[in-house]
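Order-wise, the sequence lines are chains A and B.
In case it helps, the UniProt record's numbering puts the first sequence at residues 1 to 680.
In case it helps, the UniProt record's numbering puts the second sequence at residues 1 to 680.
For the record, the hints were derived by calculation from the structure and aren't laboratory data.
It cannot be assumed that every hint is accurate.
Repeated chains share a single entry, so a pair holds when one copy, or any two copies, can fit it.
Unchecked claim - Computed cross-link-like contacts, DSBU-like style, restricted to lysine-lysine with a CA-CA straight-line distance of at most 35 Å: (1) Lys-2 x Lys-502; (2) Lys-609 x Lys-353; (3) Lys-171 x Lys-202; (4) Lys-353 x Lys-502; (5) Lys-410 x Lys-609; (6) Lys-410 x Lys-502; (7) Lys-94 x Lys-177; (8) Lys-612 x Lys-650; (9) Lys-531 x Lys-516; (10) Lys-509 x Lys-609; (11) Lys-410 x Lys-397; (12) Lys-371 x Lys-393; (13) Lys-516 x Lys-303; (14) Lys-308 x Lys-502.
Number of protein chains: 2
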Amino acid sequence: EKRAVLSWVPVLSWLPHYSFRENAIGDLISGCSVGIMHLPQGMAYALLASLRPVYGLYTSLFPVLVYFIFGTSRHISIGTFAVISIMIGSVTEKLGPDSNFMGNGTNGTVDYDRRDAFRVQVACSLTVLTGIFQILLGVVRFGFVVTYLSEPLVRGYTTGSACHVCISQLKYLFGVKPARFTGPLSLIYTLVDICRLLPETKVPELVVSLVALAVLIVVKEVNDCYRQKLPLPIPIELIVVIAATIITHFCGLTSKYSIDVVGEIPSGLKAPQAPDVTLFSDVIGDAFAVAIVGYAINISLGKTFGLKYGYKVDSNQELVALGLSNTVGGFFQCYSVTSSLSRSLVQESTGGKTQVAGVISSVIVLITILKIGSLFEDLPKAVLSTIVFVNLKGMFKQFMDVPTLWKTNKVDLLVWLVTFASTILLNLDLGLAVSIVFSILTVIFRTQLPRYSILGHVSGTDLYLDTDTYKEVRIPGIKIFRSSTTIYYTNAEMYLEALQEKSGIEIGKLLTQKKKRDAKLKRTQEKEKKKAKKEAKKQGNGVESLTETPTNGRVNWAYQHDVTVSDSDSDTGGHINTQASHSGDEEKATHSIILDISTTSFVDTVAVKTMKNIFRDFGEIELDVYLAGCQACVVEQLETAGFFSESIPKSRLFVTVHDAVLHILHKLGRGDCLLVSSSL
Amino acid sequence: EKRAVLSWVPVLSWLPHYSFRENAIGDLISGCSVGIMHLPQGMAYALLASLRPVYGLYTSLFPVLVYFIFGTSRHISIGTFAVISIMIGSVTEKLGPDSNFMGNGTNGTVDYDRRDAFRVQVACSLTVLTGIFQILLGVVRFGFVVTYLSEPLVRGYTTGSACHVCISQLKYLFGVKPARFTGPLSLIYTLVDICRLLPETKVPELVVSLVALAVLIVVKEVNDCYRQKLPLPIPIELIVVIAATIITHFCGLTSKYSIDVVGEIPSGLKAPQAPDVTLFSDVIGDAFAVAIVGYAINISLGKTFGLKYGYKVDSNQELVALGLSNTVGGFFQCYSVTSSLSRSLVQESTGGKTQVAGVISSVIVLITILKIGSLFEDLPKAVLSTIVFVNLKGMFKQFMDVPTLWKTNKVDLLVWLVTFASTILLNLDLGLAVSIVFSILTVIFRTQLPRYSILGHVSGTDLYLDTDTYKEVRIPGIKIFRSSTTIYYTNAEMYLEALQEKSGIEIGKLLTQKKKRDAKLKRTQEKEKKKAKKEAKKQGNGVESLTETPTNGRVNWAYQHDVTVSDSDSDTGGHINTQASHSGDEEKATHSIILDISTTSFVDTVAVKTMKNIFRDFGEIELDVYLAGCQACVVEQLETAGFFSESIPKSRLFVTVHDAVLHILHKLGRGDCLLVSSSL
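Based on the sequences and whatever the hints tell you, model everything.
In structure tokens, the structure reads:
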């Protein structure tokens with residue numbers, strides 16, 4: 001029982017053993033650095049979520065504390081993140097558009113207070129629902145759902161999101177107010193509208209943006225270059241924010257140029273408040289998408305650090321931890337959180353060892369909210385936008401995936417591009433669904449068009465390789481057929497066709513011929529019977545069976561020896577002499593077919609039926625069919641499916657192709673030996 | 001060029017060689033039998049499509065003639081079919097509900113003539129669009145789309161459709177008029193409404209239905225039992241129709257009991273008419289569903305006969321043929337066609353050899369339309385419903401799939417049940433889409449949870465089998481790991497976890513230990529350096545490398561010989577003596593890992609990354625990793641993905657596990673030989 005508690009509340013297992021000597025200094029420095037990052041990022045990302053900046057600060061505070069208690073990763077920094085923020089923003093703007101909050105009659109001014117209060121309610125409801133989804137998924141151990149988000153998908157998705165973020169921030173940069181669009185293609189419409197409004201750009205805001213952007217980019221580059229030499233990265237974002245606030249305030253830029261600033265920041269914390277459950281039904285789809293995406297980003301980052309530092313990050317516990325962070329956060333006016341790459345890297349590189357660093361960062365955020373927050377009221381929104389912009393750098397770097405994937409894996413490139421395009425065109429919720437379906441479809445594509453090959457024997461070994469690639473020698477009379485992938489319903493028919501084509505045996509034609517012959521024979525027999533039975537019936541049958549059992553005369557007597565050896569299991573030898581086997585009528589002389597199904601990993605009813613048909617039809621034209629290389633689980637599935645019967649005995653099953661070949665040659669060498677030599 | 005024409009218009013290739021002696025009699029008898037079946041079925045299924053019976057007769061006429069020219073199957077009977085009819089019916093009723101055709105003011109009577117004319121327009125537009133889809137798919141050689149409809153899916157779908165058919169016909173049987181429902185769950189609502197209306201059942205109609213049903217069932221059973229002895233099946237459907245018409249007419253049942261009858265049947269053919277293209281946008285989704293389902297039923301039946309009689313049915317030409325039948329038919333007031341199982345079986349069993357039988361059946365239908373049709377005006381609709389019912393028998397038999405699949409393949413059972421349920425609950429269009437997506441998802445499920453195993457050596461052979469199932473001997477120091485399925489993004493992480501668990505090597509822990517040791521060593525070294533360099537640095541390194549390279553002392557000297565033999569490729573032997581290998585510290589002594597990836601059929605970037613990580617991480621704790629059993633196409637993909645590098649040379653790739661084992665033992669036996677014996 002104690003173990004269960006420890007696994008649900010991991011802090012109990014590590015905090016009592018917290019080593020001050022080893023970790024305290026690292027955690028303190030790291031916590032301060034991350035806390036300093038939280039302030040500008042929190043405020044900036046809150047704008048993305050279409051909320052007032054203070055809610056970003058709340059989001060940097062409460063969830064971090066909850067994660068400290070329940071989380072299993074020691075290095076990630078929970079809090080605001082661009083992709084999640086923009087997802088929240090799309091919902092808050094959809095459910096709380098300006099048009100719903102027009103002042104009563106006074107020619108169309110928007111009641112911003114009412115609007116923003118409503119948007120906070122939407123964001124909190126969404127966040128609580130997101131948390132509930134994550135907790136549920138974690139409790140039922142469904143952490144694996146995230147495996148459906150393959151790497152190319154996640155990277156394409158975040159790149160697409162970055163474009164959304166970018167375009168949503170342009171309006172602050174240029175100080176324009178584009179119309180609001182919803183639904184598919186809204187990104188394109190917004191971009192077009194911004195371009196249309198460009199002549200109305202507010203030059204002061206643009207100047208502020210460009211100056212801030214220049215400073216941020218230059219100093220961030222310096223940070224990157226001298227990462228080894230600097231004890232801490234320069235907290236340039238905070239410096240820019242403070243500088244911008246001071247300049248705006250003391251130069252009176254707000255009144256002179258009417259620059260859009262952050263506005264009132266209430267001091268102190270708010271009492272927790274239950275979310276508006278009536279909004280749940282409106283946000284349920286988005287909440288699920290946020291839950292999945294947030295968790296996917298969180299776990300991939302967590303696992304990376306876990307692997308690097310050699311500790312275990314438990315997928316399901318992470319889901320629960322993130323879910324609790326969101327649920328609790330939602331009550332305290334926070335919006336959805338996940339771990340941020342930029343902050344987590346700082347937390348790690350400045351020496352953070354445990355989540356104690358997170359607590360320290362929270363303390364810094366708390367102090368800001370309580371005491372200093374209101375000083376930021378004159379901060380221009382354009383400066384916050386530039387902070388968002390420079391933080392997108394990493395995500396835009398992912399465009400380099402395109403040339404890389406072009407060289408390495410075209411199917412994954414397709415996944416990347418489809419995800420990116422659908423995220424851009426269909427927005428973040430529908431785009432994600434389309435991408436996941438497409439990503440799953442690619443697995444079907446990849447297994448739907450297998451490479452089929454006839455295998456040949458590598459002399460002196462027991463290897464059998466593709467005769468098209470390697471110039472191995474085919475064994476006369478035996479066709480060994482392999483598909484590069486599992487046989488299932490989408491390719492079962494193709495398997496049958498490829499088998500006929502590659503082996504040169506047209507089963508339909510041969511079956512008809514046989515039927516005609518049989519019918520003819522029957523008629524002949526009846527005639528003969530009637531014809532006073534002059535000749536023996538048996539002779540006729542004999543002739544028939546000779547033409548019906550095509551055998552090959554080039555089987556070497558040496559086989560016999562090897563077969564005996566192999567059967568007694570004392571040697572793996574089996575020297576097959578296949579020197580003199582190239583001959584024009586080789587195809588006609590095929591007497592056995594070995595289906596190498598070592599690549600088959602499961603069987604469905606269609607595959608079983610196809611196999612059964614192969615055994616039946618080829619059996620009818622007196623070709624022996626064998627299965628080789630069956631995996632244990634496939635054999636089980638075949639047994640369950642009732643595949644083996646009197647007509648398909650289990651003795652047709654061999655562990656390797658070589659065993660099957662030896663068995664055939666053994667049978668042939670012994671039983672039909674005389675027949676073989678007589679047909680020479 | 002001539003060949004191209006022949007392949008597009010197959011009739012030109014076979015009709016000139018038509019052998020009257022061989023085929024004419026069979027085709028004539030078969031054509032008459034099928035023609036006689038067409039009459040009642042056509043009229044009955046037209047009711048299903050919510051059209052007047054005469055349109056069913058048209059549908060039994062024109063498309064058959066078009067298929068005669070373009071089709072490649074010799075035995076199928078094109079025409080009306082229950083599933084397609086009910087799909088058409090759902091569209092005609094949706095777009096042309098009674099409520100749209102209320103008479104002007106005269107207290108709510110429906111203008112049936114206008115309604116039915118509109119419904120015909122809808123059906124024809126849908127049919128033309130269906131045909132266009134099929135032609136397009138055929139021309140671009142997309143016949144393979146039908147492979148997405150696996151057998152369990154098609155059977156579940158047709159069973160679900162049969163339930164729709166059944167319930168749609170109940171109203172005629174009981175003579176009630178339930179309300180019309182649309183959208184999901186409409187089937188349930190309709191059923192509930194019919195139950196509610198049961199007290200209003202018209203007894204005369206019920207009596208007519210029950211009598212007709214009894215006769216049909218009994219005679220159909222007789223037909224089945226004496227199939228061998230009867231030259232032709234008794235055309236009981238036609239007999240019932242004629243008898244019912246005569247009785248109704250001469251006993252005046254219509255006026256006495258107000259039984260609902262077929263009503264006016266116009267004599268003669270109508271001039272062709274272009275479809276209403278404005279309706280295309282309303283029916284586009286349904287048209288695609290009808291195109292796919294119609295083709296799927298057609299091709300599966302065609303291929304069955306093709307295989308049975310040994311001729312080739314070309315998927316793409318069949319699409320074109322069916323598409324042309326529908327397109328042309330749509331101009332002549334026909335609705336969508338496909339082949340019907342019941343008629344095709346009769347066509348085959350009564351001796352039909354070619355599509356000439358189809359032409360003859362058309363002649364019979366044509367005569368009926370021109371001369372006899374109007375005689376059927378007094379046929380009760382209830383009798384037509386009973387014909388629909390008895391023809392559903394085959395589809396309802398498919399419920400027996402459930403116990404069969406339960407025993408043979410649970411995943412396919414799930415596909416069947418999900419398809420059936422979604423068809424019942426979400427109707428025929430949306431249900432099909434959901435089923436296809438689910439069916440594709442099952443492939444992911446089946447490959448997502450592979451069976452992982454450590455392989456052991458079967459002594460005296462070069463076989464390596466699962467040590468859990470078979471009690472093979474593990475080779476000391478070498479772990480051979482295999483996944484039962486391809487490694488790709490949904491299971492890559494699990495692969496890594498299973499590898500660690502099964503091999504007992506916790507890579508994270510070991511990496512941390514190594515780092516700590518390295519750091520310690522570094523510190524020690526620095527201390528030592530400072531400490532006046534009393535002791536040689538080298539000794540420290542030496543100690544480290546001894547603990548870092550865990551080697552196994554139980555490697556037998558006999559290996560060396562075998563390795564030499566194997567390397568010179570003169571023998572496949574390699575007798576590995578693994579007698580004395582069971583030991584507690586075996587895990588610790590692992591020095592090599594062989595990943596048997598023979599089941600992998602493609603690689604995506606996630607798989608490549610996972611593999612790379614395995615090579616890097618295990619390499620860091622000085623374990624050698626090897627790949628074995630790579631398929632040629634996988635090697636190509638790995639090369640394209642830039643998998644091989646200096647750290648992962650291609651020499652780590654072996655054709656078989658045995659080769660890799662021999663290589664390792666060779667390396668060990670030679671190079672580290674002294675080390676090995678010294679650690680003993």
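Status of the hints after comparison with the structure:
Taking the closest pair of Cα atoms, Lys-2 and Lys-502 come within 35 Å of each other only across two copies (28 Å); inside a single copy the shortest separation is 63 Å, beyond that limit. Taking identical chains as interchangeable, the C-alpha atoms of Lys-609 and Lys-353 lie at most 35 Å apart only when they sit on different chains, with a minimum of 27 Å there against 58 Å within one chain. In this homomeric assembly, Lys-171 and Lys-202 come within 35 Å of each other (Cα to Cα) only inside a single copy, at 10 Å, whereas the closest approach across copies is 71 Å. With identical chains, the CA atoms of Lys-353 and Lys-502 are at most 35 Å apart between copies only, with a shortest distance of 30 Å across copies and 61 Å within one.
For the identical chains of this complex, Lys-410 and Lys-609 are neighbours both inside a copy (34 Å) and across copies (15 Å), given an alpha-carbon limit of 35 Å. For the identical chains of this complex, Lys-410 and Lys-502 are neighbours both inside a copy (28 Å) and across copies (33 Å), given an alpha-carbon limit of 35 Å. For the identical chains of this complex, Lys-94 and Lys-177 are intra-copy neighbours only, at 16 Å inside a copy versus 44 Å across copies, given an alpha-carbon limit of 35 Å. For the identical chains of this complex, Lys-612 and Lys-650 are intra-copy neighbours only, at 13 Å inside a copy versus 40 Å across copies, given an alpha-carbon limit of 35 Å.
Proximity of Lys-531 and Lys-516 under a CA criterion of 35 Å is satisfied intra-copy only: 22 Å inside one chain copy versus 98 Å between copies. Within a single copy, Lys-509 and Lys-609 get their C-alpha atoms as close as 21 Å, which meets the 35 Å cut-off; across copies the closest is 48 Å, which misses it. In this homomeric assembly, Lys-410 and Lys-397 come within 35 Å of each other (Cα to Cα) only inside a single copy, at 19 Å, whereas the closest approach across copies is 46 Å. Within a single copy, Lys-371 and Lys-393 get their C-alpha atoms as close as 32 Å, which meets the 35 Å cut-off; across copies the closest is 80 Å, which misses it.
In this assembly of identical chains, the alpha carbons of Lys-516 and Lys-303 lie at most 35 Å apart only when taken from different copies (20 Å versus 67 Å within one copy). With identical chains, the CA atoms of Lys-308 and Lys-502 are at most 35 Å apart between copies only, with a shortest distance of 21 Å across copies and 49 Å within one.
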